[in-house]
Amino acid sequence: MKTSLRRKFFGNPFVLTIIAIVLGFAVASLILLLAGFPPKESIRTLIQSMIGRPKDIASVIIRSTPIIFTGLGVAFAIKTGLFNIGAEGQYVMGCVVATMVGSMLDFPKPVAVLMVVISAMLVSALYAGFVGLLKARLGIHEVITSIMLNWIALYFSNWICGLNFFHKPGTIGMYPVNDCTYTMILPMWKKTEEGQAFLASHPLLQETLGRTDLNIGFIVAVIAALVINYLLNSTRKGFELRAVGQNIHAARFAGINVNRSIVHAMMISGALCGLGAAFYVTGQSPHTVSTLSAFENVGFNGLSVAFIAFSSPIGCIFAGLLFGGLLYGGAGLQSKVGAPTEIINIVIGVIVFFCALSYLIPRFVDRLDAARENRRKLKRDAKAAAKAAKEAAKAAKKGGN
Amino acid sequence: MAAEVSSKYAVQMHGITKRFGSFYALTDVDLDVEKGTIHSILGENGAGKSTLMNVLYGLYQADMGSIYIGGEKVDIKNPTAAIEHGIGMVHQHFMLVENFTVTQNIVLGSEPTKSGITLNMKQARKNVLEIVEKYGLDVNPDAKIRDITVGMQQRVEILKALYRGAEILILDEPTAVLTEQEIDELLAIMRNLIKDGKTIIIITHKLKEIQASSDMCTIIRRGHYIDTVPVKGVSEDDLATMMVGHAVKLVVDKAPSNPGRVVLDIQNLYVKNEQRINAVKDFNLQVRAGEIVGIAGIDGNGQQELMEAVNNLKRCKGKIILDGEEIQNRNPKYGIDRGMATIPADRHKDGLVLGFSVYENAILEKYRSEEYSPGGRIDRKKMRSFAEELIQAYDVRPEDCGPRLAGGLSGGNQQKIIIGREIANEPKLLIAIQPTRGLDVGAIENVHKMLINERDKGVAVLLISFELDEVMNVSDRIAVIYDGHIQQIFEQGTVDNRTLGRVMAGGTVDEEELKAVKAAVEAEDAAALAHDARLAAIEAGEEIPEEADKFATKAFTPVTRAEAEAGETAAEEAAMAAQAAADAPADIIAEAVAAIPTETPEAPAEATAAPAEAIEEPMTEAQVRENIRALEKQLEDTQKQLIAMQQKLSEMQ
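Protein chains in written order, with our numbering: chain A, 2 to 402; chain B, 184 to 836.
Check before you lean on any hint, since a few could be wrong.
[Unchecked claim] If you anchor each label on the Cβ, the simulated ranges turn out as follows: (1) A:Leu187 x B:Gly558: 35 to 45 Å; (2) B:Gln275 x A:Glu392: 54 to 64 Å; (3) B:Lys532 x A:Arg261: 15 to 25 Å; (4) A:Asn165 x B:Thr332: 52 to 62 Å; (5) B:Gln275 x A:Pro341: 50 to 60 Å; (6) A:Lys9 x B:Arg405: 36 to 46 Å; (7) A:Arg7 x B:Gln244: 31 to 41 Å; (8) A:Ser5 x B:Arg513: 45 to 55 Å; (9) B:Leu291 x A:Leu358: 23 to 33 Å; (10) B:Lys640 x A:Arg381: 21 to 31 Å; (11) B:Lys640 x A:Arg261: 53 to 63 Å.
Worth flagging that the hints you see were computed from the coordinates, not collected in a lab.
From a predicted model like this one, the values you see are computed outputs, not experimental measurements.
All C-beta atoms in this analysis are idealised placements derived from N, C-alpha and C, irrespective of residue type, glycine included.
All chains should be modelled from the sequences, with the hints used to inform the complete structure.
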């Protein structure tokens, strides 16, 4: 059967995501209306607080960066057949290690940053790799182990926060990382008189660079997405990992070492979360980790991001930006319209919900196409029958004559 | 044939047809089960037994046909309706809540309550105990499911059905998971149930159990009803033959094999199954370069475990030697790297990554070579060109399928990709497991041709199949697997289905008998060929010298003697003759065959290219010989025509 243009259009994941987002806003509007807020104005305010000023855009990018990383990690895992719900724990581990290492180091900048990044990535990769090992060797499902490891990471983080060596007196957190590990754009120059003067004369830069922690994390995230995309689709390793993710039996049959693949996939996924953690700690104030009573949800939000992006690494960049934007803009919604920020959670929830349901849309279109084809066929048959009847009548007439 | 609708039958299913897409799982199947009996449904894997029972249990709706319960026509839309009609089913895979107790599981969904609100587990326990005692089921109602054995779990499933008032109990492969001891206990339980007037239907492909348990047996083959027979009157061989059917002589164009060195040598192999019982035991087999060894056997006799061990998917004891090197207990890659290629039985599970494109599937093994991924980067151009070549060479359709997902292709085309991929590795050993399962006739022929091609190239081919026809037609040697070991090995053309069926059921054939069988098979072949030649000559309007005609007819005589008087047409004669040869007791055939050389000169046999053994020294009359040459030519021409027609036919398909 030929696929109709319509079917092709609605089979595209990008189109489906847009549909889900529109539906998310529609449902949010409805709820706003029911709660007594003007929906049109509220949505406008929300969008305005996301992208209204250059500072907002910069803030959205900053807010999105860690979520893009965790989203990337989760998406990568999904592509390789794993559900890394432990992104949260891996991110927390990354933060703790980055802070520990960063607060002790005093090296020239590139070396210091590199050491923080590598140590955070390594620890997060090992933390996730352990989950992979348990799955590969003992068949324990990764969701179970990684959820439990999330809690272990949280309490490990809190324990480290309380250790004399790391605990900064008078706070509930650790000593922040040293300046030499900062990954903001020109962090020191910004504070010099020269810098201040320069920024004052350039309002756009003043607003973005001067007022926010604009850092290189986002650029690294984009590069990471490109690398992951390349790794998955163009390399031997990626071929292996995807084969295992799609059909572990056929992969094993074809001679792929599936156990090793599972461990490697988890490690790469964890490393991405660790990378996000390193750039969060080095790139944004307060540059430290505090004692947590609950998860900060950076990893869990990564799940949603991966979901909205249909596990496409490149898609994660945009999904992450949307997500970060909604989180950031939600605060504006509250201050300007008075609508509770929870409305943002509803929007996000609905978008994820419709993304999950969107596989039904192509099917629905298929059914529509089939029905149309059927109708056409009926019409054709009817026409043919009519023609035959006419001819029969003609013949009868002839016979009569 | 279908019995009259009557209340003496617990279940009657008449003219049941069930289609899945364009595939007919069941075609006009009848089943009549008398009340108070144990009735087996026998058939190979995929024959349609489970489908038939799922129709009865309301899991599927039949496209055609009617169901009668106790003589009343019923419409079973879903399992709830089936339960209401007193039908209970115990599935092969149990559906129990692991951490509930036996009682909780049994009453689940129909719990007794106090005044309709709170559960009355005391009452439930009492009810369960009553049934347990009544049928001697011996289950502890308070034990948790996860703590009891598989055999006990099965009893709980039976209890579940009985608790819901089942009068008719369907057991799907009930012994597949049981130990010998548990099987005996199950049989005793079944007898108790029958005593109480219940009716039991068992789905199985195990012949022994039918003998041990059942009163009647209905045989289904490839979705068609074959027969219903009282179990007392038939032997296991008869059942086996009915289950697998008679060999259909497919035209498999193949020269005699030319075996070379030993490529695969399996020595004293032991492999455990999921239940940690040895499913393969003391298995020995050699496959040589340039020959096809077919493993015939009923499903579940260790084929699966054998394949898993050889492919390094499972640990084993013993030796698997590939071209002089031990390869057992390594990893799948180890074998592949050393020249092993496998066409797996389940192409969706093991053969293809359905979510990958055809391109990617084509290089599922090659991808890791430096050639296809230099420096770790997949060479897409190379991948594409290789895959396109494969698509061309194996005529995979649609032609532009390359970038599409493999899951979207038809089964035959998927199989072509797998075979093409495996053969492209230029293996020393090619293992084909059920390579034609689910394919249509044209595709089957193609697959067989490819296997024979590989053999002729000097590859050692191991064919594992449950399709007896396939094994008999394609293999050079037929090794029968039974209960995890090789029961007996036969050369192709020396054995008939009936004999194989008996060996597959655990019997053996001694030398003398084998000789008789071999002679019978050869006589049958010779007779058929002679007859064909004669017919071809007649068709061509050729004048057949009286003498030659006499010879040709005479060669036929031994096997047609019984039918000769019936005055059937020649074509029917041939068919009947073959039938007679297959059906006649071995000693009669031996006698008949013994008569051939003395009564008939060798001419007709030679004329028809019969096996050399059947031929003695040349003829006396030169004239007759010349006519025979003409006959031979005729035969050749006809065969050519036939092949051309078949090709046309397969093209049309």
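Checked hints:
1. A:Leu187 x B:Gly558: 35 to 45 Å: With a Cβ separation near 38 Å, Leu187 (chain A) and Gly558 (chain B) satisfy 35 to 45 Å, so the hint holds.
2. B:Gln275 x A:Glu392: 54 to 64 Å: holds (59 Å)
3. B:Lys532 x A:Arg261: 15 to 25 Å: holds (21 Å)
4. A:Asn165 x B:Thr332: 52 to 62 Å: With Cβ atoms ~57 Å apart, the hint holds.
5. B:Gln275 x A:Pro341: 50 to 60 Å: holds (54 Å)
6. A:Lys9 x B:Arg405: 36 to 46 Å: Cβ of Lys9 (chain A) to Cβ of Arg405 (chain B): about 39 Å, so the range 36 to 46 Å holds.
7. A:Arg7 x B:Gln244: 31 to 41 Å: holds (32 Å)
8. A:Ser5 x B:Arg513: 45 to 55 Å: With Cβ atoms ~50 Å apart, the hint holds.
9. B:Leu291 x A:Leu358: 23 to 33 Å: holds (31 Å)
10. B:Lys640 x A:Arg381: 21 to 31 Å: Cβ of Lys640 (chain B) to Cβ of Arg381 (chain A): about 52 Å, so the range 21 to 31 Å is violated.
11. B:Lys640 x A:Arg261: 53 to 63 Å: violated (34 Å)
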